[in-house]
Every structure is written in C-alpha cells, then in structure tokens.
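Engineer: Spelled out, the chains give:
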Amino acid sequence: MNDTLIHLEEIVAHEREHECEGLGPRRLCVRPVSVAVLPTRFGDFHIMAFWNNRDGKEHVAILHGDVVGRENVPIRMHSECLTGDALGSLRCDCRDQLEAALRKVGTLECGAVLYLRQEGRGIGLINKVRAYALQDRGLDTVEANRALGFRDDERDYAVAAHMISTLGMKSVQVMTNNPDKMKQLQDLGVHVSGRIPHVMPPNVHNRFYLETKAARSGHYIDFSGRAHLPEQAEPVVIEGMPEP
Amino acid sequence: MNAIFPLDPHPGVLVVGAGIAGLACARDLAHRGIPVTLLDRGRGVGGRCATRRVDGQPVDHGVAFLHGSDPAFLDALHSVPGATLLEGWPSRVEGTGAPCQPDAFAPNERRVAFAEGVTAFPKMMVAGLDARLVTTVVGLHAEDDLWRLDLAGGGTARARTVVLAMATEETLALVDGLPPGDLELEGARHLLRMVAASVPCLTVIAGYPTDVPAPAWDVAFPETSSILKDVVHDSAKRQDPRWTVLVIQAAARWSRQHAGEPVASWTQSLLSEGARLYGEWVAHPAWTQVRHWQFGRIESGNELSGPLVVEGAGGRTLGIAGEVFAEGGGVQAAWTSGRLLAARLAERTIG
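Just so you know, the sequences run in chain order S and W. Note that the working numbering numbers the first sequence so that position 67 is 68, with each residue one more than the last. Note that the working numbering numbers the second sequence so that position 138 is 124, with each residue one more than the last.
Do not take every clue at face value.
Unchecked claim - For each label pair, taking beta carbons as the anchor points, the in silico distance ranges come out as:
no., chain 1, residue 1, chain 2, residue 2, range
1, W, 163, S, 190, 38 to 44 Å
2, S, 169, W, 65, 34 to 40 Å
3, S, 41, W, 67, 20 to 26 Å
To be verified - Non-contacting residues of chain W with respect to chain S, defined by C-beta distances greater than 10 Å in every case (computed):
no., residue
4, -11
5, -7
6, 20
7, 40
8, 62
9, 66
10, 68
11, 79
12, 83
13, 102
14, 159
15, 176
16, 244
17, 247
Since the hints were made in silico from the structure, they are not lab data. Virtual Cβ for every residue (Gly too), placed ideally from N, Cα, C.
Work the whole structure out from these sequences, hints included.
Structural biologist: Next comes the structure, spelled out in structure tokens:
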C-alpha cells in the first residue's frame, strides 16, 4: 500500500463520524466513506467517494499525488454530464473537458478532479433533454435555459468546498475559464491561491471553436448547426484560441 | 372597460394567484419596498393550502401537511404567530402507497401540520399585503410598455410587471393569448407546454360521530387501490374535535376518468373504497362535502429549476412562478420559486 493511500485512508477513518453545520444556504455536509486506487487511461489516481446530508447523490474526488495538507493544489470541478461524459454526445464539450482535466492533473505532482453529481440530482437529466428539445425547435433562448437550470447550480460549490476542506488542502488553484468559480469557492471559505486556464487540445469534434466566431447569444454553432451551451458553466478554450 | 384600481397603471407589480408561490413573491417584493397587489379568484388565500370550517372544526381539504428540507422554508413554517405547530405530523402512516411528493418521507425531510388548519401559513404570509380576492383574470394583453389584465366582470388592471403564479395550465391559457414573434416568449411558451401536466384530484370530506372506531393512523397511502391516492385522518390534527373527519383523495387517473360524473356518484365510490380498505363505518358518514381540484398537483419529473422572467418592449416584464418552477414540486417548491422570482424582479426594478 502506498503512502498516499494510507494518508487518504486516515482521513476516511478520522471523518467517520464527521458532522458539521454544513456549507452554503442549504447547509451541505459531505463525509468521505471509502477510498481506493483508480488507474485510468489518463493516469494513475485515487478515488474517494463521499456521502452527503442532502440527497442520495454520491460525489467523488479523483486525486493524483498526495494532496493532503498541501498548498496550491490544482483542482478542477466537473459537473456530471451523462450524455457527454459517458455517451460521447457531441452536443456538448463535457467529455473533452473531463479528459483534458484528468490528463492535465495526471501529469502534475498532485491535483484533484472533483466530480460533482449534479445531473440526475432531482431533475437535471430530464431538463437537459428538455433543453435539447427546445434547441431542436430553434428555441435556444436564454430564459428557457435558465429555467431549465442549465448548469447554474450554486450547490455544487458547497460540495466542492467541503471536499477541499475534508482533504485538508491548504489552498487551491482552480482550473477554470470562469473567474466567478473562484469567488464562489472563496465565499465558502476556501483559500484560492490562483487560477489555471483550462485549455483543451483541438480535435475533430471541437475544431469548430477555432473556425467559427461565437454567434447566437454567445454560443458557438457546431458543424451540424447546433448551438453549444456552456454546460460546465464556463467558456470553452481550445489551444490556439485567445483566452476570453 | 374600467380600471379597477385608483392608480392606473399600477405603480409596481400585479401578482395573479395568491397561492404559496404568489404570496412568497409578493411578500418579498413588498419587503423590498416595491408596491404589489395580489389578485385571486378564490375567497381565501393559499390556493391548495386550503382549510374549511365545518361546524366550527377546521378541515384541510387540499394539502394535508407541509414538508421540506430547506432551512429557510422550515424557519418560515416555524414563524407562524399564534399557531399550534404539530411537529412531525403525520407520525402514524398506514400503507406503502406513494405519497403526493416522493420526497415527503425522505430522511432529511421535516413534516408539520397546524392544529388551526394549513391556511395558518398563507394567512401569515398575506398579512400586510394588498390582496384582492374573488377577482378572476381572464385575459392578458401587451399594451405599449404595459401589461393589461382583463378581469371577469369587465374591469381591467395595468402594470409594467405582472407575475403569473397559478397552475401551469392556467398560466399557459393566459400566455397562449399573446401574439407570436418574440423568441424569449416563444421559448417560455414551449417550456410551459412541456411541463403542463397537472393531475386532478376528486376529494371527499367525510364527517363521523366521534364514537366510530377512529383509525389508528394519521394518513393512509393504500397500495392496493386504483381509486384512492390517500386518506387523511384530518380530525387527528385537531384539539377536541367534534367530528371524526376523513379527507379521502382519489388517484389521478381515476379522478380524470370520473370527473364528469355526478358528484353523488363519485362520492359514493370513494366512500365505498374507503370502507373496503378501512372498515364498514367509513361508508356511512354523518355528512360529506366535496372538492374537485382540477389542477391538484404536478407529477414529479415535470419540475423546472427556477422561475421564468420574460422581458418585452419598453421594460414590460412577465414573471412566472409556481410549484413547477423549483425542484421537487409541492409547497416548498412553490415558496422557493416565488422568492427567487421576487429577487430577480427586484434586481430589474431597482437596479
């Protein structure tokens, strides 16, 4: 057993009876329940699974290296996207973003991808399909997407902030193109020491970002004519694009 | 047609529907100093949070109990002045059928009822607000930078900001009368159509002398009935009740199939089914009353994440809230959606 795993298991043991007032307006509290080695095609990780006091969603932290007690830990918050992450949908960029995050973290000394099970909590997936149905009718309106809750959920930050605290990270560098995410974490008591732009390599599926200008209501239109909503709540940046 | 208010246009926000969503929205707007007037077709506020008095005894014939997990909502329930809060009601539950909201008995959910009737909550919310009851809105029209509401009986009311806080079907009926063309409005309209799936509920209130073998449960959710959704032992909420009262609520599909039949006929069906499940005495009440909830509740899975705000020409703004417009449905969702809507409207009005 490696030292990192021993460290992480100590956290699980130490937090076994953890209970606190919780973070954010919903007073969300998470507790690590189990940790294991997770070799992936993107690098070697540990996976830590969390229980929470609000719903049945099981959030996970995917950890590389020893993050415990460290400063300036690079972290990426990723919101679950069944259609993109698992099914390879080309209506969004979630899979590219997740892969880029795992690859990047896998090359660093240490880092974490906090995988937040937003979708499927309550009505996420159903409403995503509704949003796609509206898009199919040419009704990609800002207000409708907002009512559908399209990646606009502050509760995820409470989950992430609590995970960061549980893991004893002294400060974090947030991998994001949306500076607002840093502020959200800071408001929940996380020490944010910096930001790392989240840049993805170009591929056959995201090439349109380099070739087309952001058109309708700030969305990019892909090769099949569909608008790409910013499902991870931040602008997409491909290598070769200027930062937003 | 004549304007019904001395000030025309209304200087603030007109809220159509004084159910929990409309009340929550109006209350928060008023707290921010925005003039607000509520319009409701009913004789009382609260919508489906409805209490009648029968022989002086309160009877909740819509929502039987309130439940939630949002700390702010629970605080609001606990802040009703002078009310006797029944913490944890219902504590005695019979049967394993599904409750109206799937989360009602989840581990983090708190449940409460009021000994004075569930309307204690909306009555607290309406205190200090301008609410016009028995006022039915029959039409919505754009008039330059204003909305015009046409009222049953011929009056009108105009304002730059109108909130629709009714059942989705009722909101849709008003919004459908607006001319097409505006993309945001079209999006909202399509969204409303997607989620307009309220289910009806035929309800019988049955009173019995207190010497009947009163049930040992507060609420029953029968698992073997295609007729009944639930039976509420309403008098278990009351102090020294004069009558043992059951509120018998029919299942959605059954309600839809039998809503057109004579009241006496479906009343008898519900009582007979109650007797089959819980004892012959249920079939022989001393008195009955009925309520036909056309839009009784929403089916879970139809909720959206938040309220809608659609802006038109010249800052004309339409807000839409209700239990469909927040996760989970039910009273907590209605309350949440109304408050979120108020916050967004206030940003526009003041900012």
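Engineer: Flag every earlier hint the structure violates by its number, smallest first.
Structural biologist: 1, 3, 15
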